[in-house]
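With the sequences and hints as input, model every part of the structure.
Heads up: the sequence lines are chains B and D, in that order.
When we follow numbering that gives the first Met the number 0, the leftmost residue of the first sequence carries the number 0, and every step to the right adds one.
When we follow numbering that gives the first Met the number 0, the leftmost residue of the second sequence carries the number 0, and every step to the right adds one.
Incorrect hints may appear among the rest.
Said to hold, decoys possible - So, partial list: chain D residues that the calculated Cβ filter (under 10 Å) puts toward chain B:
no.	residue
1	108
2	111
3	174
4	230
5	238
6	241
7	333
8	342
9	345
10	348
To be verified - Label-pair ranges, simulated between beta-carbon atoms:
no.	chain 1	residue 1	chain 2	residue 2	range
11	D	201	B	302	53 to 61 Å
12	D	357	B	216	29 to 37 Å
13	D	250	B	169	53 to 61 Å
14	B	140	D	357	35 to 43 Å
15	D	77	B	31	57 to 65 Å
16	D	216	B	156	39 to 47 Å
17	B	261	D	83	30 to 38 Å
18	B	28	D	169	27 to 35 Å
19	D	216	B	24	33 to 41 Å
20	D	83	B	185	21 to 29 Å
21	B	216	D	75	30 to 38 Å
Stated by the list, open to error - Covered stretches of chain B, as calculated for chain D (at least 3 residues, CB under 8 Å):
no.	region
22	39-47
23	82-91
24	201-214
25	314-322
Hints listed in this document are in silico derivations from the structure and should not be mistaken for laboratory results.
Don't be surprised by glycine CBs; every beta carbon is placed ideally from N, CA and C.
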Amino acid sequence: MKNWLMGIAAVGAMLLGTTAADAGRDLDQIKQRGTIRCGVQGPSNPGFGVPNAQGVWEGFNIEICRAVAITIFNDPSKVEFVPVTSQSRFPALTNGEVDILSNNTTWTLTRDTGVNRFNFPAIVFYDGQSVMVPRRLNVTSARQLNGATVCVQPGTTTELNLADFFRQNNITFRPVVIEALDELRRAYDQGRCDVFTNDFAALAAQRTLLTNPRDHVILPERISKEPLGPTIRQGDEELTNIVAWTVFALIDAEEFGITKANVDQIAATNTDPRVRRLLGVEPGMGTAIGAANDGYARAIIKAFGNYGEIFDRWLGPTTPLALERGQNNIWTKGGLLYAPPAR
Amino acid sequence: MNAPLPNVMAGPLAGARRISFVRGETLPQSPPPDDVRLSVTKRVVRTYFGTPGNAAITLACVLILAWLLPPLLNWAFLKATWTGNANACREAGGACWAFIREKFWFSVFGLYPFELRWRPATVLVIFAALVAVSAQRRFWSIKLVYAWVGTLVLMLALMGGSVLGVPVPGLAPVPTRLWGGWLVTIFLAVFGMALAYPIGIVLALGRRSERPIVRFVCVCWIEFIRGVPLISLLFIATFIVPLFMPTGVELDRLVRAQIAFVMFAAAYMAEVFRGGLQAIPKGQYEGADSIGLNYGQKMRLIVLPQALKITIPAQVNTFIGLFKDTTLVLIIGIFDFFTTLRSSLGDANWLGFATEAYVYAASVYFVCCYAMSKYSQRLEASLNEGQRR
Numbered sequence: 000m001k002n003w004l005m006g007i008a009a010v011g012a013m014l015l016g017t018t019a020a021d022a023g024r025d026l027d028q029i030k031q032r033g034t035i036r037c038g039v040q041g042p043s044n045p046g047f048g049v050p051n052a053q054g055v056w057e058g059f060n061i062e063i064c065r066a067v068a069i070t071i072f073n074d075p076s077k078v079e080f081v082p083v084t085s086q087s088r089f090p091a092l093t094n095g096e097v098d099i100l101s102n103n104t105t106w107t108l109t110r111d112t113g114v115n116r117f118n119f120p121a122i123v124f125y126d127g128q129s130v131m132v133p134r135r136l137n138v139t140s141a142r143q144l145n146g147a148t149v150c151v152q153p154g155t156t157t158e159l160n161l162a163d164f165f166r167q168n169n170i171t172f173r174p175v176v177i178e179a180l181d182e183l184r185r186a187y188d189q190g191r192c193d194v195f196t197n198d199f200a201a202l203a204a205q206r207t208l209l210t211n212p213r214d215h216v217i218l219p220e221r222i223s224k225e226p227l228g229p230t231i232r233q234g235d236e237e238l239t240n241i242v243a244w245t246v247f248a249l250i251d252a253e254e255f256g257i258t259k260a261n262v263d264q265i266a267a268t269n270t271d272p273r274v275r276r277l278l279g280v281e282p283g284m285g286t287a288i289g290a291a292n293d294g295y296a297r298a299i300i301k302a303f304g305n306y307g308e309i310f311d312r313w314l315g316p317t318t319p320l321a322l323e324r325g326q327n328n329i330w331t332k333g334g335l336l337y338a339p340p341a342r
Numbered sequence: 000m001n002a003p004l005p006n007v008m009a010g011p012l013a014g015a016r017r018i019s020f021v022r023g024e025t026l027p028q029s030p031p032p033d034d035v036r037l038s039v040t041k042r043v044v045r046t047y048f049g050t051p052g053n054a055a056i057t058l059a060c061v062l063i064l065a066w067l068l069p070p071l072l073n074w075a076f077l078k079a080t081w082t083g084n085a086n087a088c089r090e091a092g093g094a095c096w097a098f099i100r101e102k103f104w105f106s107v108f109g110l111y112p113f114e115l116r117w118r119p120a121t122v123l124v125i126f127a128a129l130v131a132v133s134a135q136r137r138f139w140s141i142k143l144v145y146a147w148v149g150t151l152v153l154m155l156a157l158m159g160g161s162v163l164g165v166p167v168p169g170l171a172p173v174p175t176r177l178w179g180g181w182l183v184t185i186f187l188a189v190f191g192m193a194l195a196y197p198i199g200i201v202l203a204l205g206r207r208s209e210r211p212i213v214r215f216v217c218v219c220w221i222e223f224i225r226g227v228p229l230i231s232l233l234f235i236a237t238f239i240v241p242l243f244m245p246t247g248v249e250l251d252r253l254v255r256a257q258i259a260f261v262m263f264a265a266a267y268m269a270e271v272f273r274g275g276l277q278a279i280p281k282g283q284y285e286g287a288d289s290i291g292l293n294y295g296q297k298m299r300l301i302v303l304p305q306a307l308k309i310t311i312p313a314q315v316n317t318f319i320g321l322f323k324d325t326t327l328v329l330i331i332g333i334f335d336f337f338t339t340l341r342s343s344l345g346d347a348n349w350l351g352f353a354t355e356a357y358v359y360a361a362s363v364y365f366v367c368c369y370a371m372s373k374y375s376q377r378l379e380a381s382l383n384e385g386q387r388r
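Right, here's the structure in full:
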């Protein structure tokens, strides 16, 4: 169904030439409207984007959008959140219902090219299919799982990735295939299978629901690569720059140890030219990317903190999801987050 | 007794097989009705244990209830948690009604700005009052239509802060994409039905029209709309229609969804009404013609009152279907009642209380649908005084 819906939207879009965006056209529209329309996962996505009891969107992906709003407008409230589903997200982006998707969309070749023509300015979360096992099995690597029974959802890429991984490593497994994630988790919890596989973030959410979450570990292997990041229409270099350098500012801030609490003090006293450029003490960088002002990074950090703080607030160990940083740590601490220098 | 009957079937049906039956002996006498003969206890015993078969069924039902009810009551009430947080719920082990309590207002108002919630609340109250009035036949008059139109305007003004693009002074504008919860479900269902009803009648009459073009247009509408799933209509209304709009013109997405709902419901209603029109005996049409009524008078005074009345069960069927179909608006990013609950399931602080949310949703839908069903039965009875059997 997804495909023909996409097809209709793409044909419609081509007929009217709406995707033929001129450079800067999207950004101009956003500025003219005074708000950026941010597509978020509906109905909700634990930790990444959920409306609270008051109907206000909260979560990791939400703050990414608000950070972009700070860069463009110097105001985190200039965002309209538009819920999209996995079926409607790409048509919504194509026809301009939303300006940016911040809903855990995986960056792939076909989404970056061809009829979709989307842009992925930066990666904000490295996800990937993972496996969870009971701690008592004393397994440290997925390669030790020869002959294991695996709880897996049918008909998804999850199932295919799993088969690929086991075949590649010349080991066998017996699948226990259940459609509903809740049922799958119960089966694992009752010991009907040794292994539970899904994307890392989703697996972590499911782990919190087990009888004894502490008795289960998520193994370090990532069976598939799922780099997630904000997605925009192709063809607007200015907006691409703004989104990319907003994310980079969050990563740089963590690398330099700039936090929500100390950002003002660091801006006032720090002499490191890299820090001074990032925070706009030495002007030029904000103007270069087309931000509202040179202090955009400082405003973002003051509002939400650096990447690590945002991660910890919504996904980290103190939250029910209790995700470890892993690949989502900055490069100096063994992760994959690496931002080009702001200079 | 068995003398051949006179052949009443002369003429065109002369060749048809004749069916004749004359009862030869008296029927066995029936016992008097139970309620004048037996005590209550005896009647109950007789009803439930009268035959071995009945006794077995009764016993089986009691056993099933005895097996189901205690754990159910235990879960829903005895071990349930009514206040507190998710951890309190997990410790108690029963139903977590605290979760519903926490998310209740979200399910009523959806994403509507929190501090402005008096506005949808007011609309809900006015709306409930109007429904209560409309349900009574003695208030049925043209004034009621005006009242509904007035309410619609008031609702748009209060909810959105503007009517047809004209801002209402003193009310901050709230775009429709922030409307949600019960309000959207009710809005889509009630105004969808109200608009689909007359359009459905027109389509049904059009399909039976003798003018080929009118008939063609109506048949196309009905067959096309019934031939595609509602979700694809919503999808087209949301993502394709805007591509064909002139630049600068933006039709609100809730309005687009509402139009899709109306078109969909109207096509189904049209076929319901057509069934009713066909059930009216030809004599009624001819009778109307013979006293010199024109087409409009004939339909309005003779045919439609009967056709609409006999199709009430099918109409309610369509309405209940439409009411439940409103949950599909999630695809266009609108948070109706059901979507707010599914959204709440993703709250990391309250993971794992899906059963409670679905029980709550099911009971709200059940109450609404059952009320519609009951009301329609009452209405049918009161409209059918003359023909009740």
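We went through each hint and held it up to the structure:
1. For residue 108 of chain D, the interface hint holds, the least distance from its beta-carbon to any beta-carbon of chain B being 7 Å, beneath 10 Å.
2. Among the interface hints, the one on residue 111 of chain D holds; its C-beta lies about 6 Å from the nearest C-beta in chain B, closer than the 10 Å criterion.
3. Here the hint on residue 174 of chain D is kept, as its CB sits about 8 Å from the closest CB of chain B, short of 10 Å.
4. The interface hint given for residue 230 of chain D is met, as the beta carbon of that residue sits about 9 Å from the closest beta carbon of chain B, less than 10 Å.
5. Hint on residue 238 of chain D holds. Least Cβ distance to chain B is approximately 4 Å, under the 10 Å limit.
6. The beta carbon of residue 241 of chain D is positioned within 10 Å of a beta carbon in chain B (closest approach about 6 Å), and the interface hint is therefore held.
7. Of the supplied interface hints, the one on residue 333 of chain D holds, with its beta-carbon coming within about 8 Å of a beta-carbon of chain B, less than 10 Å.
8. A distance limit of 10 Å between C-beta atoms decides the matter here; for residue 342 of chain D the minimum to chain B is near 4 Å, and the interface restraint holds.
9. Because the smallest distance between the Cβ of residue 345 of chain D and any Cβ of chain B comes to about 3 Å, under 10 Å, the interface hint for this residue holds.
10. A hinted interface residue such as residue 348 of chain D counts as satisfied when its beta carbon comes closer than 10 Å to some beta carbon of chain B; here the least separation is about 6 Å, so the hint holds.
11. In this structure the hint that residue 201 of chain D and residue 302 of chain B lie 53 to 61 Å apart at CB holds, the actual value being about 55 Å.
12. At about 31 Å, the beta-carbon gap between residue 357 of chain D and residue 216 of chain B stays in the expected band of 29 to 37 Å.
13. Checking the proposed 53 to 61 Å range against residue 250 of chain D and residue 169 of chain B shows it holds: the Cβ atoms sit about 59 Å from each other.
14. Here the CB-CB span from residue 140 of chain B to residue 357 of chain D is close to 39 Å, well matched to the stated 35 to 43 Å.
15. Hint check: residue 77 of chain D to residue 31 of chain B, Cβ distance near 60 Å, so the stated range 57 to 65 Å holds.
16. Checking the proposed 39 to 47 Å range against residue 216 of chain D and residue 156 of chain B shows it holds: the Cβ atoms sit about 46 Å from each other.
17. Against the hinted window of 30 to 38 Å, the Cβ-Cβ separation of residue 261 of chain B and residue 83 of chain D comes to about 37 Å, which satisfies the hint.
18. Distance hint for residue 28 of chain B and residue 169 of chain D: a CB-CB separation of about 30 Å, consistent with the stated range 27 to 35 Å.
19. A beta carbon spacing of about 40 Å between residue 216 of chain D and residue 24 of chain B agrees with the range 33 to 41 Å that was offered as a hint.
20. Under the hint 21 to 29 Å, the C-beta atoms of residue 83 of chain D and residue 185 of chain B, about 24 Å apart, fit the expected range.
21. Restraint check, residue 216 of chain B to residue 75 of chain D: a C-beta distance of roughly 35 Å satisfies the suggested window 30 to 38 Å.
22. Counting residues of the region 39-47 of chain B whose beta carbon lies closer than 8 Å to any beta carbon of chain D gives 6, which meets the minimum of three for the stated coverage.
23. As drawn, the region 82-91 of chain B meets chain D at 7 residues by the rule of a beta-carbon pair under 8 Å; at three or more, the given contact holds.
24. Given a C-beta distance limit of less than 8 Å, the hint that chain D covers the region 201-214 of chain B holds, as 3 residues qualify and 3 suffice.
25. Given as covered by chain D, the region 314-322 of chain B passes the check, having 3 residues with a CB less than 8 Å from a CB of that chain where 3 are the minimum.
Checked against the numbered hints above, the structure violates none of them.
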